[in-house]
Structure formats: C-alpha cells, structure tokens
Amino acid sequence: MTDRRLRNTWITWIIAIALLALLPIILGGSYILHLLIISCIWIILAQGLNIILGYTGLLSLGQGGMFGIGAYVSALLAVKLGWSFWITMPLATTATALLGFIIGYPVLRTRGIYFAMVTLGLGVILSEIFNNWIGVTRGPMGIGDIPYPTPINLGFTSIAFDSKITYYYLVLAALILVMVVTYRIAKTTLGRALIAIKEDEVLAGTFGIFPPKFKIIAFTVCSAFSGLAGCLYAHYITFISPESFGVMASIDALVIVVVGSAGMVLGPALGTIILILVPEALRFASEYRMLVYAVILGVVIMYMPQGLGCSIGRLASKIVSGRRVANAYIGTSGSNQNLRGANGS
Amino acid sequence: MQELINGLVSGSIYVLFATGLTIVLGILDIPNFVHGETFMIGAFTAFFLVAGLGVHFILATIIAMLIVAVIGVVVEKISFKPLRGAPHVTLLISAIAMMLFLENLASLLWGNYNRTIDSPYTKQVVSFLGSTVSSQRLLVVLMAVLLIIALQLFIKKTKLGMAIRAMGQNPEVTQLMGVSIDRLTSFIFALSAALSAVAGSFLGSLFTLNPHMGLEPLLKGVVILVLGGMGSIVGAIVGGLGLGLVESYTAQYLTSAFKNSVAFLILIIILVIKPTGLFGQGGDQH
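Quick note, the sequences are listed as chains H and U, same order.
Per our numbering, the first sequence starts with residue 1, numbered consecutively.
Per our numbering, the second sequence starts with residue 1, numbered consecutively.
So that you can see chain H by itself, here it is in the shape it has in the complex:
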C-alpha cells in the first residue's frame, strides 16, 4: 500500500465516521435514532456472519443463538447480580467467543451443507434452552428491566446512557471497533488465509495454512461479534425474550450478509440499510412488510447473486476504468486495483 493510498484510506474512514456521528443531528427525531441504533446492532451481528461465511466460506445458521447468548449472559449478570454494563459487556462478548471456540472444535470438522445443518441445530438447541430453562431465563416470559449502561463519570461531567442519542454513540463506537477489526482481518495474512481456505481448502493446506486453526479463529471472532451485538441489543431494548433469538434471527443475518455481498467489509452495512430501512419505509403497509422483504431478497439473489455491494463495486470500477484505461497499461496502479477488486468479490 503506497503512502498516498494509506492516507486516502484514513481520510475516507475519518469522513465516514464523522458523517455517522453527525447523522442523528442531521436527521434528528427519536424514531430515526431508534432505527440507527438497531441498524448498528444488526451490522455488528451480520459482520460476524460475514467473517465465517464471506471470508471463510462456511454457512453458519446458528447466528441467532449466539446473539441470544450474548444478550442473556449480559442481561442475567446485570439483573440478577446487579453488575455494571461495563463489566457485563466484555464478559458477555468473551463468554460467547469462548462458547464459539469450544463448540467450534467438534463442529468445524464438518463442511459445506453439513456445517450449515449442524449450526442450524445449534441455533435450535440454544433457542429451546432459552425457552425452557425457566429457572434462569424465565422462558417465554423473557427478562425485563435490564438496566441501561451505568453513567460514566468524567469528573467534571458524567455521560448517562439512558437517552437514545448517547446510546447511539455507544453503539457506533462498538460498530467502528468491529469494522476496524474486520478490516484488519481482511487486509492481513489472517484474511488472506481465510479466503484461501474458502477458495480451496486442500490447496490452502499445501501452502502451509493449517485450515482447522484458521477456521477456529474465524468462528471465535464471529461468535464474539454476535455476543457483542446481543449484549448491546439487550441493554437497549431492556427486555429480551427467546423469540428474538430463534431461527429467524439467523436467517435475517444471513440475508443481510448475502444481499450486501458476502466477503466485503462494508457488505453487512449495505445489506442492513436495505433490509432494515426499506421495509421500515413501508411501515404504512405493515402487513405487507414481510412480503416486500421476501420479494427484495428474491430479486437480489436472482439478478445479483454476488450481492449488491459487488454489483455496485463492479459498476464503479467500470466507470473508473473507462477513465483509467491508459493507466492500466503503463503503471501498476491499474492492475493492482483489479486485484483488489477480485479479492473483494
């Protein structure tokens, strides 16, 4: 990466973050804020799936269950033991990651459609545990009165998280962290190893990549993101019940990743914008919402099986390459661009 491009990347990131931070001020309104918070949480959850599906090529259908583990661990610690959010959040994230690590060992022995089925099974089992372990999870009645994060005291002022606007900044900070981690994974040896495993596991092995190790890492990171999303969800909604963490949650995450383009860092963000915000815009016809959702999904997968992000990327590179045709022959920058484009798809 040249200095110039490195600087450009940084500038892009800073502009994007500044825009996101200003978004509530530009758009305003408590309902818009609610949508923004929910979207950020879904992007974090979907980014976890993106790492295991988009980069490693393993379809996990247990995302909803992991989301639930994060939510329940954090909520139970906060409600039953009265612990602060700032302790329960890292604990819930670590617990979910640990669960993914432990489950990953046996589960990652399977491949392809079998892996999808095992993880689907895990999701169903976790959701039945949430439903039936009444003594701890209160079953279908759910857990209510989950406290908002405790205020941070800065000495001269304290930041409370009981308003939507501060919670948005909290969720945004978590989202930026997740995005940076994903970006780092994607652009370093780890990400390349994962993509190699996705393309051809045996061949990756001959290049000195030990697939089980990298798959475990990917699955652990995926679980950690899901747990973090679950924890943020629980402390925002302040009430959790098993139906939020069932098979449908896993399917929603999958749909977001695929519609947004699996294997692109920004894919889940794009997918979330389309699949959370567009049906939301059709709220006046709320009974048709799910139908519209299904049609969008069907059309996208039919005409853009690689996802929207990829199609937009291709369109953009077509426009750019029209201008840069001469460059491609002279310098390395044009061909380098193409290579990166190929990695992103």
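Incorrect hints may appear among the rest.
[What the hints assert, rightly or not] Pairs of lysine-lysine, BS3-like flavour, derived with a Cα cap of 27 Å: (1) Lys-213(H) to Lys-274(U); (2) Lys-198(H) to Lys-81(U); (3) Lys-164(H) to Lys-187(H); (4) Lys-274(U) to Lys-198(H).
No wet-lab data here; the hints were simulated from the structure.
We have chain H already, so just place chain U on it with the hints.
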C-alpha cells in the same frame, strides 16, 4: 405401547415429508427449503376442500396433492431454474425468499390461527394390540406405507423412474440419452411437492394447521436427511420412523420441552463423529 403408536404415526408423516425433500436434494442437488411451505399449502388446500366444499378427507388429500404439485413446479421455475448450477448457499437463500413469501402470503390470506381438518375417521376408535387408536391414525400410517411402496415401485420399475435415477447419477449423460432435463426437473418437483402436501394434510387432520406450520417439519426433515443420507429414500424411511419414535419416547419418559433439541443433538453427535453423515456419499463439494 401408546408411545410406539404415537412414534409410528408422526414417524410416517416425517417419512412422507423427508422423502420429498431427499429426492430433490439427492437427484437435483437443490436444498429445497420451500418444502415446508408446500406442506403448509397442502394442509390448507385439504382444509378448504373439506370445510368449504364438503369433500371427503381422502379425496381432498388427493386433490391437494395435485394442486400442490402444480405449485411445486411453479416454485421450481421461479426460485431455482434461473439459478441452476449456483452454489448451495445461493439456492438456499432463494428458497428462503420463496419460503418467507409463501408463509406471509398465507398468513395474510388465511389468518394466524389454528384450524383442524375434519375427517370422518377421527372419532372412530379401534382397539389395536391392547390399546385404543383412532382410525384416522391408522389411516395415516397405512396411506404412508402404500404411498412409499408405490413410490419405490415407480422409481425402480418404470422408465420415468429409471430416468430419475439416471439423472441423479449423471445429468449430462441422461440428457444425451434423450431425456429432457427441464421436464424431468419439473416432474421431480411436482412429485416432491405432492408428497409434502399429503404429509401436510395428514398432520392437519391429526393436529392443527396454521401458516407457520412449515418450519418445524423442515427442521426435522433436515435432521432425517443427515441421518438417512442425502438422496436415499430408504434412509428417509429409516430416519423418519427413527426420529418419530425417539421423539415419542423422549416426550414420554424425559421431557417434551426439548423435543427439537433431542433431534438436533443426535444430528450433531453423528456429524461430529462422521462429518459426512451416516450414509454420507459426498454432498460436501459445495
């Protein structure tokens, strides 16, 4: 004894359902998750024929099979045909889109409450091996057995059945032998959808039907598929009956709350010990 009968009854519904799922996956290599929705539509068609037009239960089931077979072909044309040769994940998502569409359309049209299909045999009771069973349950088991035997004979003995088996082995060569792949694919989908419709109609007559009834048998079908091996009808029979019995006994002696977990726990243990399924024959190339 009662557990054995319960297990056999739900087992035979599972067998009918999973057989349809397994022939599409085994022969066409398509994970047809819309199967749960054709199952639901089959149940509703039979319900409306019985409740609305006063058709006899058995006749209603047969008409539902025919109607749903057509729906199955339409689903194939819309959701799977344009994506032929695409990876499993893409097919799966296309199926999920169709699944959500049909489920929500049904709940818009017909409402989210439970109904039961009326059958003249529900109230009749026969005593069987020392316990009493409603004739409806016996009818379900009997018809399932007959249908599966007929299907096996059809696939083993007829020319069309031979074409289907050939296609499962090598689609290109089958096409070279003068078989139209498009028409055969439609036919297999029709067959599979018809089987799901019978299963739906039976389930709706024994228990209840609603627009969201498709998901649970789909999950069970997935378990049976792995237990019995993808594409194996005998495997679907063994897996379906086995699952029915296991569920019935665990519900009786352990707990009924974790019914689905038991099925999936078996699946996970099997896959962890043998990562390509019990009778695994590839299937993991994608």
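Hints, verified against the model:
1. Straight-line distance between C-alpha atoms of Lys-213(H) and Lys-274(U) comes to about 20 Å, which keeps the hinted pair within the 27 Å bound.
2. Pair hint Lys-198(H) plus Lys-81(U) holds up; C-alpha atoms about 26 Å apart against a cutoff of 27 Å.
3. Only pairs whose Cα atoms come within 27 Å are accepted, and Lys-164(H) paired with Lys-187(H) is rejected, the gap being roughly 34 Å.
4. This hinted pair checks out: Lys-274(U) and Lys-198(H) have alpha carbons roughly 22 Å apart, not beyond 27 Å.
Going down the numbered hints, you'll see the structure goes against just number 3.
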